[in-house]
Each structure stands twice: as structure tokens, then as C-alpha cells.
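In terms of the working numbering, the sequence shown is residues 240 to 938.
It is possible that part of the hints are untrue.
Derived lysine-lysine pairs resembling PhoX-like cross-links, with alpha carbons at most 25 Å apart [stated by the list, open to error]:
1. Lys722 x Lys780
2. Lys861 x Lys875
3. Lys519 x Lys801
4. Lys748 x Lys780
What follows is a set of in silico ranges between Cβ atoms, one per label pair, in the way DEER data are often shown [to be verified]:
5. Leu452 x Asp823: 38 to 46 Å
6. Ile404 x Lys437: 28 to 36 Å
7. Glu576 x Arg498: 48 to 56 Å
8. Ser605 x Leu497: 22 to 30 Å
9. Ile262 x Asn348: 15 to 23 Å
10. Lys462 x Arg498: 31 to 39 Å
11. Tyr866 x Lys728: 21 to 29 Å
12. Lys437 x Tyr337: 44 to 52 Å
13. Asp536 x Lys671: 21 to 29 Å
14. Leu497 x Leu805: 39 to 47 Å
15. Thr747 x Leu656: 36 to 44 Å
Hints in this document: simulated from the structure, not taken from any laboratory.
All C-beta atoms, glycine included, are put in the ideal place defined by N, C-alpha and C.
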Amino acid sequence: GEFSPPLKGGLRGFNLLDWLVLIFVAAQILAAIFGVNFNRSFWGDQQRAQGVFTLIHFTAFYFLLRYFFREKKDWFKLSIWIFIIAVISSIVAWVGPYLVFFEGIISKNSQLNGMIGNPIFFASYLIIPLFLGFALFFLLPLLYKERAGVRWRWLILIAGAFLFITFLFAQSRGAFIGLLAGAFVSWLVFLFLGKNGKAKKIFLAAGIAVVFLTAGFYVSNFKSDYLKNNIPRVSRLFNISFGDATGSTRLMAWEIALRAWRDKPVFGWGPENYQDAFDKYYNPNFLKYSFAETVWDKPHSYPLEVLSAGGAVGFLIYLAIIISAFVYLIKIIKNEENENARFAFIILIGALTAYAAQSSFSFETSNSLQLWMFLLAFISFSFSRPRPSPLLGKEGIKVRYIFLIKRAGEIAIILLLLSSPYWLYKNYTFYKASVLMGDARDAAEIGSVYLWQKASAATLDYEVPFLWEQAVFLTKDLADIDKAGKLDKKTLDLAAPKLIEIFKSEITKDRGPYLFRFWLSQLYSFMGEYVDGKYYDESNKTLEEARQFSPERQHIPLLLAKNYLLRKKTEEGIKVLTELVNKDPQFAEPHWFLGLALAQAGREEEGIKELEQGESFGLNFKGNVLYLIDLYAKRKEYAKITPLYESLVKQEPNNASYYASLAATYAAMGDKNNLIINLNKAVELNPALAEEAENFLEQ
240 GEFSPPLKGG LRGFNLLDWL VLIFVAAQIL AAIFGVNFNR SFWGDQQRAQ
290 GVFTLIHFTA FYFLLRYFFR EKKDWFKLSI WIFIIAVISS IVAWVGPYLV
340 FFEGIISKNS QLNGMIGNPI FFASYLIIPL FLGFALFFLL PLLYKERAGV
390 RWRWLILIAG AFLFITFLFA QSRGAFIGLL AGAFVSWLVF LFLGKNGKAK
440 KIFLAAGIAV VFLTAGFYVS NFKSDYLKNN IPRVSRLFNI SFGDATGSTR
490 LMAWEIALRA WRDKPVFGWG PENYQDAFDK YYNPNFLKYS FAETVWDKPH
540 SYPLEVLSAG GAVGFLIYLA IIISAFVYLI KIIKNEENEN ARFAFIILIG
590 ALTAYAAQSS FSFETSNSLQ LWMFLLAFIS FSFSRPRPSP LLGKEGIKVR
640 YIFLIKRAGE IAIILLLLSS PYWLYKNYTF YKASVLMGDA RDAAEIGSVY
690 LWQKASAATL DYEVPFLWEQ AVFLTKDLAD IDKAGKLDKK TLDLAAPKLI
740 EIFKSEITKD RGPYLFRFWL SQLYSFMGEY VDGKYYDESN KTLEEARQFS
790 PERQHIPLLL AKNYLLRKKT EEGIKVLTEL VNKDPQFAEP HWFLGLALAQ
840 AGREEEGIKE LEQGESFGLN FKGNVLYLID LYAKRKEYAK ITPLYESLVK
890 QEPNNASYYA SLAATYAAMG DKNNLIINLN KAVELNPALA EEAENFLEQ
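Can you make the complete structure from the sequences, with help from the hints?
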């Protein structure tokens, strides 16, 4: 009844998978050295918390598991804890949005996201614990022979079903494709390697039924609106197409990743440098799907990210890791005599497949990467035997070299322990800098300029390798403060000099040729508006430099036009915006901004035409809707005003002033029926308007 004999003596079972994990880190270091920005590649940034620095930590985690976990009970206890934590995380995802304790941490959304905050990342995190739970159902009786083990396995099965439901409610289509791929591979492996003939027949029939059912859901979802209208969550999962917005932008991002790889085919651009490749090969069609889609620092496909960042070398090693882990699992299943253990490993081969497949539509995060390393380490442990690996026992290799290779793991562990104070120090400084940055961003969000000034100064005084990222975030904060109408000369005098110094330093090092120039030009624009008009020239000059690196970026002419308009050079701004509109007439954003410029210049008729062509962008903001209403009111085009007020009413159904304004509009149109309906609604929401409403009706 025992399975996979335990490994004694540390890393005596060092095998190909262990070597590949180690070599992958080495390949990433080489990619960082030969890439475009070693600093960003090695240290990463606080927003993603990735880079070689993070990978080293998780690789150390892998080898610590391999070295210290020598009995199968060690692995199963850890597996149970991983599963329990995933269940707790799922419970929190369900109840968190309704608890005051999690206010501001977990958002109430149709897609479950938990404390991770992103449904895609949350679903990626759940993939391995989900399969692991069903594997534990079969392994638990082998671990605990007594009845307690049998009882607990049914609780694990119920909890596994709960994880499955939570996973589905995250509604991540990429992760769902991964789940289907994992289940399909497990099904095939069982049909080929399972030993119970009766069970194989049942599984064959059940699998075929599931395949037809899944295909039926997929086809009906495109042919009919039934699922969309009645079970929208299921409809979203089966709404898998490269023709929708998400699919289209991903295809464009993947194309950029491939172009980047062709640019640097051997070692790639270096980890975390996709942003530079994206800027260089930017596709203007991203704007079709909103401004948010015009900034990508990841291609949303981890294999393509590895290819573009690590070149052919990194990609082939990554592929070899997956293939070797898959082969090891097949060998484990073939050699396993216990039926329950064999079935558990068949489930784990599904976990391996599912995780690798879903990562093709997403990217690694710390939450899921730790579980990926755990899965690989467990596969390596389960495959290893007490005897030396053939790689280490070939005839002809001198004994002293065999000894050194055998002890490589122990030496690495010692080096890791000796260097751990340095890594702890770096982690603490990164954590502290991130907290300071969070304080600044929170202050900007609540509109407290005083608190932001204090927090931003502390943030910039804290030296970290990603100080460039702090500068970008703080400049974004200035944009938010400006939108709130609270930006002034004093704030810029305090923050701008240090920010300029950081951006210029990065530009001198030729890091992020577009990114830093764009944000520096934004900063100069603020200084031109609030400090000294001469900075507008610096802003325009920096924008032109940025254009050389990313000529298709629409942000550049938009900011150029803004600078001209702020300087009262209206015609120059209109000229820039007209050129942008003529170049890409299908995009709403340039039409809207051109409309604003034309209206500012007194050319209201032309402006309104452009604003109407840009409505799909502009009318997403309440202030823009009210501005357009004012323009229509001047021209007495009341028929165009009513749908705008009705859209505001849908957004704020308890706002009495909107109903009152809508009533006044209907009065101007002579529509007494709708006048009375909306006036009554306004009074119902705000009884204080009753007397005013009565006078209005009498008039």
C-alpha cells in the first residue's frame, strides 16, 4: 500500500527537473544582463513584485522543500495546509465584500476576487489547490490508516467542491480554459494508464458526455442569448473569442511579444522589460478599446513573456521544465501499484496541465508562483529514489567530482543561509518604500495635498532600486490632484525638482526610452501651468523625444495639444488634434478632445459635431455630460438634452436636481406630461422643492 518510497539524505535524489529549475534562474540572470534594463530585470518593481530578485526567493523555496521535506507525510501535511488556506481565502472572497473589516480591501464585484484583488489572479491561485484537494481525497487513507483519515477525506471532497464553485464564480476565462485542459488530460491519462477496466468504461462515457455538454454550452452561447439573459456568469465563462475586446487586445499584445523576440532572439529583452518592447511596437488600435488598454507591461501570456524576456534560451528551459515534470508524473503513475495513489497522481498531472495552460492567458504572480514551485518540488520528490541519479553515477566520472555534485545542494543551502541577512534587509527596505508609496497614493485619493506632500517627500528620500517607479506613481498622483483642482505652485515646488532629477537620471541611463520621457513631459506641463510658462517648451521638447521611440502613441499629440490650449495657442492645439483625428478617425477620444478645443475657440457648431463623434468616450464622465448639456441648451436643442439627463438619472436615481432639470427641459419642449412626471419625482426625492415646483407649474 506504500507509494513512492521516501527519500533519505537531503538532495541525494537530485534529478533533471531540479537542474532545470536551477538553470532557469541562471538563464533569467543572463537575460537580465543582456537585456535593455538590468536594474528593472533583476529587482523588478513593487507593483508586480517580480523580476529575478523574486524568482531567486521562490527557487530557494523550491530547494528548501526538496532538501528538508524527506518523508511523504511532510508533503501531505503541507498539501493539507495549502488546501485549507485556499478554502479560507475562498470563504473570505464570498463574505468579505459584506464585512466592514474588509472594506477597501475586497471590492464587491460580479467576479469573485478575494484579498488578491483581481479575479484572474485569484482563479490562477485556486487552480493547484483545487486539483490538490481532489488528489488528497485519494491519498488521505494512505497517509492515515485509521478511520479518522477516511472521515476527513469526505470533508476534503466537499471543500474541493466549494473551491470549484468559487473558481467558477471568479469567471476567469483563461483559467477556465486551463481547468478544462487539465481535466481533459487527466481523463486521457486515466483511460490509457488506469488499471480498473470497469472504471475506465465509466470514465470514457462520462468524459464524452462532458465534452459534448461543454461544446453545447459553447455553441449555444454564441447562437442564443439564453445563457446571457438567464445565467450570465456561465455565459461569460463560455464567451471565449478572439473577436471581443479582451481577445483582440491580447492578440495585439502577443504579436508585440513575438516581434520583441525576433528583435532579440537569444536572451531576449530581459525580465520585466516588456513595457519597452510594447512602447516600441505600439499598435494604435489599442485605443479602440479605451485609454486603459494603451498601457501594457506584460503580454498576458507567461510563455510569450518568457520568450520575449528570456529569448529562445529561457523559453526552451521553461518548456523543458513542464515536459520533464509531465514525463516524471507519467513514470510515477506507471510504476505506482496502489490504485488510489495512481489516481491521485493522475489528478496532479491535470493540475500541471491546467496551470501551464491558464498561464498562457495570464502572467505569474507571487500568489500562484509559490504553489507552482511547490507542485514541481513535490513531483521531483515523488519521482526521486534513494539511489543516486544516473546523471551523477556515469562510469568514468571521478569520485571527487561525484562527491562535489552530490554536495552541491548542501553548499547552495549554506550560501543561501549566509546571504539571508542581505535578502531580509532588501525585502524590508522594499516593504518600507512600498508602504510610504501607499501613504502618498492614499493621500492623493482623498485629496489631502498636505498629507501627500509629507508622504511623497518621505517616499523619494527612501533609496530603492525602483525609485523610477515611485516617480511615475507620484506624477500620476499630481495628475489626480490636478483633476481635483487642488494642484498649486507650492506642491510642485516641493515635489517636482526631485522627480525631474529621477526621470533625467533614468533617461541618461537610457532606461525606458518612452516611459520616462512621457511622464517627465507631463510633469513639465504641470509646471508650465502652475510655476512658469517656460516649462511648456520643455514639455513639448520631451514629448517630441518620446515620439521618436513610440511614434504611434496617441498620448503624445493629446498632451501636445493640451499644452497649446493651456498657453491660449488654441489654433495650434486644434491643428495637432485635427491631424490626430484625420489619422485615426475611428477612435472616439481624439474627436472628443478636438470638440472641446473647437468649442473653446468659439466654433461651437464644429465642436458639437466632434463631441458627438466622441460621445462613446466623453459621456462616461458626468462632468462631460453636463458640459455637453450646456452647449445644447445655448443652442436650444432640447431634444438632444433629454437622453443625456436620462443617462445621469440612471447613474444617480436619487438625485432630485436631475429630475428637476429634466422637467425644465420637457417644459421648454412643451411636453407637459413628462414635465409633471419628472417634477413629481424631484419633489418626492426632495420635498423642499415642493413650493418651487408649484410656482414653476403655475408659470
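Pairwise beta carbon distance, Tyr866 to Lys728, judged against the given window 21 to 29 Å: At roughly 27 Å between Cβ atoms, Lys728 and Tyr866 fall inside 21 to 29 Å, so the hint holds.
Restraint status (C-alpha distance of Lys748 to Lys780 at most 25 Å): Distance of about 19 Å is within 25 Å: holds.
Pairwise beta carbon distance, Leu452 to Asp823, judged against the given window 38 to 46 Å: Since Leu452 and Asp823 have Cβ atoms about 44 Å apart, the given range 38 to 46 Å holds.
Pair hint outcome, Lys519 versus Lys801 [Cα-Cα no greater than 25 Å]: holds (24 Å)
Hint check for Lys437 and Ile404 - Cβ pair distance inside 28 to 36 Å: At roughly 30 Å between Cβ atoms, Lys437 and Ile404 fall inside 28 to 36 Å, so the hint holds.
Assessment of proposed distance window 15 to 23 Å (beta carbons of Ile262, Asn348): Cβ of Ile262 to Cβ of Asn348: about 40 Å, so the range 15 to 23 Å is violated.
Given pair status - Lys875, Lys861, alpha carbons within 25 Å: holds (21 Å)
Whether the CB-CB distance between Lys462 and Arg498 falls inside 31 to 39 Å: For Lys462 and Arg498 the Cβ distance comes to about 36 Å; the hint holds.
Range hint 39 to 47 Å (beta carbons of Leu497 and Leu805) holds or violated: 40 Å Cβ-Cβ, so the 39 to 47 Å window holds.
CB-CB spacing for Tyr337 and Lys437 relative to the 44 to 52 Å hint: holds (47 Å)
Straight-line alpha-carbon gap Lys722 to Lys780, limit 25 Å: holds (24 Å)
Asp536 paired with Lys671, Cβ distance criterion 21 to 29 Å: Holds: the Cβ-Cβ distance is about 23 Å, inside 21 to 29 Å.
Hint compliance for this structure: hint 9 is the single one not met.
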